[in-house]
Structures are given as C-alpha cells and as structure tokens.
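2 protein chains.
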Amino acid sequence: MKVSLGARTLALPMPAFLVGTYDANGRPNVMTAAWGGIVCSEPPLVAVSVRPPRWTHAGVLKNKAFTVSFPPARLAVETDFAGIVSGKDHDKFKEAGLTAVKSDLVEAPYVGECPVVAECRLHASHELGTHTLFIGEIVDVKADREVAADGGIDMRKADPLVFGADGNYHKLGPRVARAFSAGKDLKPKS
Amino acid sequence: MKVSLGARTLALPMPAFLVGTYDANGRPNVMTAAWGGIVCSEPPLVAVSVRPPRWTHAGVLKNKAFTVSFPPARLAVETDFAGIVSGKDHDKFKEAGLTAVKSDLVEAPYVGECPVVAECRLHASHELGTHTLFIGEIVDVKADREVAADGGIDMRKADPLVFGADGNYHKLGPRVARAFSAGKDLKPKS
Chain A
1 MKVSLGARTL
11 ALPMPAFLVG
21 TYDANGRPNV
31 MTAAWGGIVC
41 SEPPLVAVSV
51 RPPRWTHAGV
61 LKNKAFTVSF
71 PPARLAVETD
81 FAGIVSGKDH
91 DKFKEAGLTA
101 VKSDLVEAPY
111 VGECPVVAEC
121 RLHASHELGT
131 HTLFIGEIVD
141 VKADREVAAD
151 GGIDMRKADP
161 LVFGADGNYH
171 KLGPRVARAF
181 SAGKDLKPKS
Chain B
1 MKVSLGARTL
11 ALPMPAFLVG
21 TYDANGRPNV
31 MTAAWGGIVC
41 SEPPLVAVSV
51 RPPRWTHAGV
61 LKNKAFTVSF
71 PPARLAVETD
81 FAGIVSGKDH
91 DKFKEAGLTA
101 VKSDLVEAPY
111 VGECPVVAEC
121 RLHASHELGT
131 HTLFIGEIVD
141 VKADREVAAD
151 GGIDMRKADP
161 LVFGADGNYH
171 KLGPRVARAF
181 SAGKDLKPKS
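These protein sequence lines are chains A and B, in that order.
If you read the first sequence in our numbering, its first letter stands for residue 1, the second for the next number, and so on.
If you read the second sequence in our numbering, its first letter stands for residue 1, the second for the next number, and so on.
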C-alpha cells in the first residue's frame, strides 16, 4: 500500500554536480546542483537547472559555457559548501581549498580535485519556472589517469557523491548487475 | 593529470528510471531511462529523454502523461530487461513479473513493486537530436508506507538502483554527510 507524499521534487538517485563558470569579472565560481542529468546521446548533452538569481546563472549566459565536475565522496563538505553560499560574496574555490582549472575548450573552469569532469558549450536554455534549464553540449570528458579504465570509468576510484531524497549525501555502493546484459535472462524462450 | 575521454555522455551518478506509459492500444508499457533527472522546483518537474522510435515515445505523446518508478536494487534484472526489449513486441510488465498499477491522477501505469514512484503530466517536450526531452510535472509522489520516513524517504529501505559510468548497476552506499549543513564549517569566520 502506497501513501501520497504530494507534488514534490524527488528522484532516486540524484546527482551532486559541481557547475563551474567564470563570472562577469572573469572570476571562477562553482555551484552545487542536484537538478540535472544527461539528456541526449547525439549530440551528447547534459542538463543542469539553475535559479536566475544564482551567481552561476549570469556566468553561464555570459560565456555560453559551463563545466560539470563530479565530486568524490571525500569532497562532501566542499560540495555542500558550494551549494549554501553565493559566488557574489564568496570566492568558493579559495574558501573550500579547491583548484579552478581553466578549460582549454570552453570558457569555464573545472574543479581540479574532482577525478572526472565534463566541459560543456551552452546548447540551449529553457525557462521552466523557478529554474532555468541549461543544456550543454559535452565537448570533452576528462578523467584522472588512474580513474579512467578501458575507455570508461572505474566507479570505485571515482567514488561519486550521490544525493539522496533523505537530505543526505551518500557514497556509491557495490555493483549489483551488468547493464544491457543481466536482463537477457528474462527474454521469453521461443 | 587528466586524460581526455572525448565528447561522450557521462555523468556520475546516473539514475535507472522506469518510465511507465499506456501505448496506443491502452496496454501498459515500461522503459528504462538513465537520461533524465529533476529540472525545476516550482512547478516540480522531472525530465526523461526518450528516442522517438521507442514504444514509450508514442505513449507519452498520446496520453500526455508518464510515470517514473524508482527501482530498488533487488529489481536490477527486471530494470535491465525493460531497457533491452521493446514494448512493440513484448508485454514487459508480464514477462518481467511486474505489476502495472493504474495511476488515479494521470493516464499512465507505475510499477507496483517499486517502493517510490512519481506520477507526471506532460509539461513540455523538446527535440534534442537522437532524443526527445519529455518534461513532466510531478503531480504526486507515492511511496510504500514503510519507506516513507518523516515526510521524506528512508534511503536504506528504498535501496535505489544507480547506473554507473562503468556499464553496471550499483547499490547506494552509506550516508557520508548532511546536505545544507556539512558545508557550514567552511564558511569564513568573520
């Protein structure tokens, strides 16, 4: 028996993206976003939603670019910090002890301490209500050499932070099944 | 030192949403989608991306509705199955042993075995390339009584499946920090 929890924003799981931009003064800024995800295979597109008053919003529009850095569990405190203060008043990279690395492909910085990052060119934006949906074309994904595995990602080493519907950040747990494979056993035998 | 992995669809973490629809014949169908996420707070909106040839695509457009069921780790095989066969040729609910529960709010079925589900009315759609971005307004979230905790979700009981950039489904791991709280320690003391 299910109970109604009402009309609310809830998905399982949610990410904790670190969105990197340069502001109007060319200063690096970073913001945490749980609203977003991959939205298209070709072109490769990722979406992040940002409220218009956020410092990041103007930065995305000015430079038509942003990055998404995927924080590991060891950066939970820094990730949370980037979500609760504004780049208007804070040099979040400096105060959190994080390194702003200038992308050589788009006009935006990424978080050097994150083992995997995506560099994005603004592809489209849509006003949705409280949030603007920024859709970025991923022009490159970069990963620390030891985290890149056979052209993919070693998830144990990337150790991505996951945002839960309980208001907590979580670690990723163990692998349970192989995608595009485990389900074959359920195909009816002809 | 980071290495380039090229322009590709990669985010950490990704979800494994089960998107429920009725097809043109009123038959329940379900499809796995890792492309999507929450995109707006007010109205509460969730996005899922679907390729136009997919059976689900016509179902969303016909009924202007879909559901998103959040599969627990114990349904990894069923979730994968729903991603590798088509509703055109398969009664996926029946073949996977899942229960199609008719929503009383929107014209779409959800997966009864999933402890948490969201019922959505189609709000907007955008053609992005290979995929159509369907943005749904969440009209209700429903959860099994034992999974709903203090108005939120007990993540250990919900045990959501997480899609990794290594091509595997994972379990959620332990909590590492409290959101909107842990980062306060980094605020400069004035």
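Just to be clear, a hint being listed does not mean it is correct.
Any copy, or any two copies together, can satisfy a pair, since identical chains are not distinguished.
[What the hints assert, rightly or not] Once the Cα atoms are required to be at most 16 Å apart in a straight line, the calculated EDC-like pairs of lysine to aspartate or glutamate come out as:
#1 184 x 91
#2 187 x 104
#3 2 x 137
#4 171 x 159
#5 62 x 23
#6 94 x 127
#7 157 x 127
#8 2 x 144
#9 2 x 104
#10 94 x 23
#11 102 x 23
#12 2 x 146
#13 189 x 91
#14 62 x 166
#15 64 x 107
#16 94 x 185
#17 2 x 150
Everything labelled a hint here was simulated from the structure, so no lab data went into it.
Hints versus structure:
In this homomeric assembly, residue 184 and residue 91 come within 16 Å of each other (Cα to Cα) only across copies, at 15 Å, whereas the closest approach inside a single copy is 50 Å. Proximity of residue 187 to residue 104 under the C-alpha cut-off of 16 Å is found in neither arrangement, the shortest distances being 47 Å within a copy and 30 Å between copies. In the homo-oligomer, the alpha carbons of residue 2 and residue 137 never lie at most 16 Å apart, since the shortest distance is 39 Å inside one protomer and 20 Å across protomers. In the homo-oligomer, the alpha carbons of residue 171 and residue 159 lie at most 16 Å apart both inside one protomer (7 Å) and across protomers (13 Å), since each shortest distance falls under that limit.
For the identical chains of this complex, residue 62 and residue 23 are intra-copy neighbours only, at 8 Å inside a copy versus 43 Å across copies, given an alpha-carbon limit of 16 Å. For a Cα distance limit of 16 Å, the shortest separation of residue 94 from residue 127 qualifies neither inside one copy, at 31 Å, nor across copies, at 39 Å. In this assembly of identical chains, residue 157 and residue 127 lie within 16 Å of each other by CA distance neither inside one copy nor across copies; the values are 36 Å within and 35 Å between. Proximity of residue 2 and residue 144 under a CA criterion of 16 Å is satisfied inter-copy only: 4 Å between copies versus 44 Å inside one chain copy.
In this assembly of identical chains, residue 2 and residue 104 lie within 16 Å of each other by CA distance solely across copies; the values are 13 Å between and 50 Å within a copy. Taking identical chains as interchangeable, the C-alpha atoms of residue 94 and residue 23 lie at most 16 Å apart only when both belong to the same chain, with a minimum of 15 Å there against 53 Å between chains. Proximity of residue 102 and residue 23 under a CA criterion of 16 Å is satisfied intra-copy only: 13 Å inside one chain copy versus 48 Å between copies. In this assembly of identical chains, the alpha carbons of residue 2 and residue 146 lie at most 16 Å apart only when taken from different copies (9 Å versus 44 Å within one copy).
For the identical chains of this complex, residue 189 and residue 91 are inter-copy neighbours only, at 14 Å across copies versus 60 Å inside a copy, given an alpha-carbon limit of 16 Å. Proximity of residue 62 and residue 166 under a CA criterion of 16 Å is satisfied in neither setting, with 35 Å inside one chain copy and 34 Å between copies. For the identical chains of this complex, residue 64 and residue 107 are intra-copy neighbours only, at 8 Å inside a copy versus 38 Å across copies, given an alpha-carbon limit of 16 Å. Taking the shortest alpha-carbon separations for residue 94 and residue 185, only the inter-copy value of 14 Å comes in at or below 16 Å, while the best intra-copy value is 51 Å.
Taking CA atoms no more than 16 Å apart as the test, residue 2 paired with residue 150 passes between copies only; the shortest distance there is 15 Å, against 43 Å inside one copy.
Going through the hint list in order, the structure does not satisfy hints 2, 3, 6, 7, 14.
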